[in-house]
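Peer 1: Chain by chain, the residues run as shown.
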Amino acid sequence: MSDRDVDVVAAIDRRLGAGRVARKALRYVFPDHWSFMLGEIALYAFVVLLATGVYLALFFTPDVGATGVYHGPFDALQGAEVTPAYQSTLALSSTVPGGLLIRQTHHWAALVFVAAMVVHLLRVFFTAAYRRPRELTWLLGVALLATGVLEGFAGYSLPDDLLSGMGLAIAYGVALSLPLLGGSIGALVWGGEFPGPGVIESRLYILHVFVLPAVMATLIAGHLALVVRHKHTQFAGPGRREDNVVGTPMWPGYALRSMALLSAVAAVLVLLGGLVQINPVWQWGPYELDRATNGAQPDWYLGWLIGGLRLMPPLEIRVFGHTLVPNPFWGGIAFPAVVFTMLTAWPFLEPRLLRDRARHDLLDRPRDHPWRTAFGVAFFSWVALIFVAGASDRLFYVFGISYTSQVHIFRALALLAPPVVFVIAKSTCDGLRRTQVRPGLGGPPRRVRRREDGGFDVPGTRPPHAGPP
Amino acid sequence: MSEEPQVAERRAGADPRAELAVAALLVAAGLAAGAFAVLIVVHPQTQLLGATLGGALACLAAALVLAAKRVAVQELAVEDRKIEETARPQDDEALARDLRQGGDGITRRRALGAAAGVAGAGLAGALVLPVTALGPGLGDAPNQTPWRRGRPLVTTDGEPLRADAIEIGTFQSALPKGADKRELGSPVVVVRVDPRTLRLPRARRTWAPMGILAFSQICTHAGCAVTLFRYPVDEQLSQGPALVCPCHYSTFDVRQAAKPIFGPAARALAQLPLAVAPDGTLVAAGPLSGSVGPAWWSVKR
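Residue numbers (my numbering), protein chains in the order written: chain D, 1 to 469; chain X, 1 to 301.
Just so you know, the hints here were simulated from the structure itself, not pulled from any lab data.
Ideal Cβ placement from N, Cα and C applies to all residues, glycine included.
Certain hints may be false.
[As the list claims (entries may be wrong)] With a cut-off of at most 30 Å between alpha-carbon atoms, the simulated BS3-like pairs for lysine-lysine come out as follows:
| # | chain 1 | residue 1 | chain 2 | residue 2 |
| --- | --- | --- | --- | --- |
| 1 | X | K181 | D | K24 |
| 2 | X | K177 | X | K82 |
| 3 | X | K82 | D | K24 |
| 4 | X | K259 | X | K181 |
[Said to hold, decoys possible] Computed spacing ranges between beta-carbons, pair by pair:
| # | chain 1 | residue 1 | chain 2 | residue 2 | range |
| --- | --- | --- | --- | --- | --- |
| 5 | D | G68 | X | A203 | 41 to 47 Å |
| 6 | X | L31 | D | A236 | 43 to 49 Å |
| 7 | D | R365 | X | L123 | 48 to 54 Å |
| 8 | D | R352 | X | G120 | 30 to 36 Å |
[To be verified] Here are a few chain X residues that face chain D, going by a calculated C-beta distance under 10 Å:
| # | residue |
| --- | --- |
| 9 | A51 |
| 10 | G105 |
| 11 | I106 |
| 12 | A295 |
| 13 | S298 |
| 14 | V299 |
With these hints in hand, go ahead and build the complete structure from the sequences.
Peer 2: Set out below in structure tokens:
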């Protein structure tokens, strides 16, 4: 190390007094496993969202009050009546240099952000990384997922194209369906009866560009601070115990790896944004109350709610001529409430059910805990099934199964599939434990013992001509 | 954080070819990023911009991966978790004692607690209730629509709607003449079926002149526009004519006054009684038959 390096470091340390902490941080150990990258992918997608979102905010006008006549590069829209919100999104998609690239990258990043969070959540669930002392880390993560879904919905509701309007109409219907309070909440949020006097746009905008990102940044900071506080969990292995962490130190190995992942995530998102079209708002046209289209799908992370809304039979609860529980309540409020209640309660429920309140820093392999794994597979596949049901109209195009038949099939499956999946997952785990097969990693490991005469014994097998072990 | 981790394994010594490759990738990243910078000024074409910037980031990612695996020091470190240092019972007891000691000598603990509760509840109300400024209540909005007896129907372009121009099996959107089209109660869907097949309630027999029916276009399930009309190809074999909402596929039988027959909707679309004016155009013969839009407490059947 040259003296100049020391001078630079010393100059900073004199002002911050952080030298000793920084030195420890450089030696911070990260256990290595591909599945520990999933949360990091979500983090870096969030970074891309912030960067691209700032650029978009420079050009977007959150206003649906007045309308003007469109004159621009999109021929099909010439002369159409458009709001400034839609007009500025069209400009971002055509005349603003790099606007379409950034808009599409932003949209792709949102899809990847929520997807990475969901897969990360599944990893944490099936390896039981949420156990004591990390329950709070899990709760912050669940809150991040909910906020992320809300943030995404607020974002794609902004451009005031046809899909934005359809999504907001459904959101209004769902808001109204909250028993007793729904009408008041809907009127407050929209400033009156849907679509209201145009105030929803500026409210969604401030939520989308300030309030929710600030909440998410705070949640992310808390989540990461707790990860560092407890140090990472790790899988069991040679030298890996409950009371240590084995892996790559921050400097130089992990810093380089993590910067590589940031670059790779950004590269994939920018390439998607530049080369793969997403949400071509100029094709959907502006929203009007009397317009809607079939085959429309929301961003993927809302598909489970569409599925819930579509599958629910026409059940409403009425008392004395009033509607107490309108139908969208079941699929749009009760269903996500059940899912998020389960996610929130699980780290506190499991220790009670298993009577295991001990601290755990080593991860479980999914197979080693058949009950938890089977429950998780049943629960998440129930949600996934309803998610798929939300795309029944697209499935009709692909497979030609009539929509009505699909609804009846999916309704039955939503009730029958979880117990069947539970039994299959449980017996698969039991089988894997018994046979020690490692799918994708070759045959089962074998314990080999060397005999005094130099030969080898392989317990559990009976090689020909082998004597008793 | 704990003291320094022990190094279980350390290998220094970069692979010279890898060093060259990293340098080459970094240069490539710089060139691609430079190309992006030039393009965005002179020729901002989306695909080229995405390919250059994405390519630059991809080269950077590859360089960093290679640097991490083949150039930089390879280490496997073991760090002690030091579980016994966190959350020691004696620390927790001391902390709880310190907290308690702050209240030594207080005699009216209950009264103070209750008073603090009152202050908290009042402040919470004062902080939360200003949200009511966000909007007026819905009141009777779902039942107040622009439709009145004698109000003409016009197309979305504002043209009058002639009864004899509407053919059997067709459907279209219509609005009340001169009304605000951004009002939930405004848009109706107009369809025409064979009048002999109608099975309307007795009180509505006169509401569909020439088999022309009009219903509120806002779905009673979640508020989307009902924009699909299914009309039978074969009267005997196909399913009857029905309006379908494209969002969640609630299906309404138009012959039975838009009664829901499939999907999640549980309430019929409100019907608009129609009449044919002396000049042959369609006018409303009365207000809508019920509440418009998604259900909530005050929505009438």
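Peer 1: Hints first: check each against the structure and report whether it holds.
Peer 2: Hint check:
1. X/K181 x D/K24: violated, 65 Å
2. X/K177 x X/K82: Violated - the C-alpha atoms of X/K82 and X/K177 are around 77 Å apart, more than 30 Å.
3. X/K82 x D/K24: holds, 15 Å
4. X/K259 x X/K181: holds, 25 Å
5. D/G68 x X/A203: 41 to 47 Å: For D/G68 and X/A203 the Cβ distance comes to about 46 Å; the hint holds.
6. X/L31 x D/A236: 43 to 49 Å: Because 46 Å falls inside the window, the suggested range holds.
7. D/R365 x X/L123: 48 to 54 Å: holds, 50 Å
8. D/R352 x X/G120: 30 to 36 Å: Check passed, 31 Å falls within 30 to 36 Å.
9. A51: holds, 6 Å
10. G105: Hint on X/G105: violated, closest Cβ of chain D at ~35 Å, above 10 Å.
11. I106: With a minimum Cβ separation of about 31 Å from chain D (threshold 10 Å), the hint on X/I106 is violated.
12. A295: Interface hint status for X/A295: holds (4 Å vs cutoff 10 Å).
13. S298: holds, 6 Å
14. V299: holds, 6 Å
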